[in-house]
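Participant: Once you have looked at the hints, place chain B on chain A.
Number of protein chains: 2
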Amino acid sequence: MIEMNAHRYCVIMCGGVGSRFWPFSRSEMPKQFLDFFGTGRTLLQMTVDRVLPLVPHERIILVSNEAYLPLLQEQLPDIPRENILLEPARRNTAPCVCWAAHHIYALDRHASIMTLPSDHLILKEEAFRQAMTHGMDFVETHDALLTLGITPTAPETGYGYIQRGQPCQDAEGITEVKCFTEKPSLEMAEVLLASGDFFWNSGIFLWKADTILRAFADLAPDIAEVFDAGDDLYATDAENDFIAGAFPTAPSISVDYAIMEKASNVFVKTVDLGWSDLGTWKALYETSPRNEQGNVTQNCRLITKDCSGSVFAIKGDKVIVAAGLENYIVAENGNALLIVPMDREQEIRHLVNEVKARFGEDYS
Amino acid sequence: MIEMNAHRYCVIMCGGVGSRFWPFSRSEMPKQFLDFFGTGRTLLQMTVDRVLPLVPHERIILVSNEAYLPLLQEQLPDIPRENILLEPARRNTAPCVCWAAHHIYALDRHASIMTLPSDHLILKEEAFRQAMTHGMDFVETHDALLTLGITPTAPETGYGYIQRGQPCQDAEGITEVKCFTEKPSLEMAEVLLASGDFFWNSGIFLWKADTILRAFADLAPDIAEVFDAGDDLYATDAENDFIAGAFPTAPSISVDYAIMEKASNVFVKTVDLGWSDLGTWKALYETSPRNEQGNVTQNCRLITKDCSGSVFAIKGDKVIVAAGLENYIVAENGNALLIVPMDREQEIRHLVNEVKARFGEDYS
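These protein sequence lines map, in sequence, to chains A and B. Under the numbering used here, the residues of the first sequence are numbered 1 to 364, in order. Under the numbering used here, the residues of the second sequence are numbered 1001 to 1364, in order.
Isolated chain A (complex conformation):
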């Protein structure tokens, strides 16, 4: 058992929706709430399981959307209700991070925070925990905003990249950040990969509460102002009423744009985590165990003939019988069924919009 530092908090961002995995994920049941690998644990539960050796339930803060409170309480009954922050509007990650930092700072002026997405895959859990412990030690002793950079294994075009800069003398594997790069073309991604200096942007952030609050004040004053107005109210009974009025007035922007790309005290810890953001069916396929026929299923009752390279993501105990499907996505949940070649998955978003336009929001 790792000895826990009582000032360490974990913020898990779990309010996102997304149509990329439609209809397996649905607007009322987004990806983080799904048991994507048929293991009996959802991505959100796996995220919590992963950090529990570092931070107890009492210091894990969930930031989500009001619509998902029942799911959160069902899936994570050990997280205290007061640790669940419910955004009254969708404003991307910067307002989320700023609110959570204020809330935690009100609880503990010396708090340090690891901020995590809730819907990513990390296969190397021990490497993750070592990196987080090392990273938290670093941000607690430096004026630093730290992000995890994942050692790239392929020229992925779906990820942002971070170029590492000067190494820190006193922290192995941690360097300054030279620059952030948006999702590259394939040619560019191959150059980035070959260089050895570029790492995937994991969306995992580490900082002290006061460091990130100062960064908002300096670099995103429009957001800082919104949340500073509630300074006496965080972690009190008045917090939610304040947030109900204030939160929707914050601009919608990511913490990467608002803070990380502008700050001068940004560092990256590079690490190999067996990580995927599970942003595409192809990523899910590539990171999932395959059955003898070379298909990925969520433990569903599947009989295939001459099918390979396909994902069968079906909710419930339905039987699927399929023949002659090579490299397809077959996904079903509730009132919708999707059958699309994997190399056309970028069309799914448009198709879902067409579904909603023709048949209504019940199908979103």
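You can take every hint at face value.
If you want the ones that stay clear, here's a sample from chain B, every Cβ over 12 angstroms from chain A, calculated:
#, residue
1, 1045
2, 1092
3, 1221
4, 1232
The calculated lysine-lysine pairs, modelled on DSS-like cross-linking and capped at a C-alpha distance of 25 angstroms, are:
#, chain 1, residue 1, chain 2, residue 2
5, B, 1318, B, 1282
6, A, 315, B, 1315
7, B, 1318, A, 315
Just so you know, these hints were derived from the structure itself, not from any lab. On a predicted model such as this, the values are computed, not experimentally measured, just so you know. All C-beta atoms in this analysis are idealised placements derived from N, C-alpha and C, irrespective of residue type, glycine included.
Facilitator: Positioned in the frame of chain A, the structure of chain B alone reads:
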């Protein structure tokens, strides 16, 4: 309105199961009970609708299986309960025909009977009714067992064929039968089609009650004996108790084998009905209206890209989004989903058996 002959009865055989349309048809909901064309009427209802100008509800007899009584009463509320004969065991068509003939003969010694499958498609309803009226006139005035032979339009290998013989002098379009031919090879089917003398065996039979009962006595005495034992009980309160004991002792054999292929007084009326036995998905596809993309659906909520030649048979108001499926069957009902190329539909039976063996009868 055609003037009805009060001695004319209609027997509709509607007890069959079948796995060829699994999972759209299920053992608890076989093909005849399904609205296959999304018209709001099931194949069984369409069969009744088709004969109602010829025979009133009161003289339509349904022969089915005990398991389907609720479906029969739901779909055909105007058929009197006493007109529903429920077989206590599955014994193919000969015992079914023999029981129905006894039952009707007990009601009316002068009865004539048209015996119909419940799960076929007939597009030319007026030609059907004219043929039936003409055929009933014939069997009521001749010692004849009459079957309808369908003018073939393609070298189908899934149908039995009837070779016509000498024409009847006094009945246009009715000939003796030279022979019955089993499902042919493609080469043979092409020869049969080219000859002009071979017609598809429709499974539609016309006879007087006493003619068919004499035929059973002469040609299938093992069946006749079973049912003759109840001679005083048909159409009485004691009928069902008698049948419960007797019916399961009858041999399982088709009326074609037991009677038609052996009898010397067999005739065929040849006719073009726009008929299909809907025995295969391909037959369903070919006889169904197609949408703009060249696919067949049961009015389901379908969005396709680059799909053609496919059937989407989905129960309920599910949305289906599909891309890149050429000549596929996509069928779903309850706890099962099937996706198979249309040219592999002969494998469906085996696949269903595999499903039942691995996952249980709940999936049949």
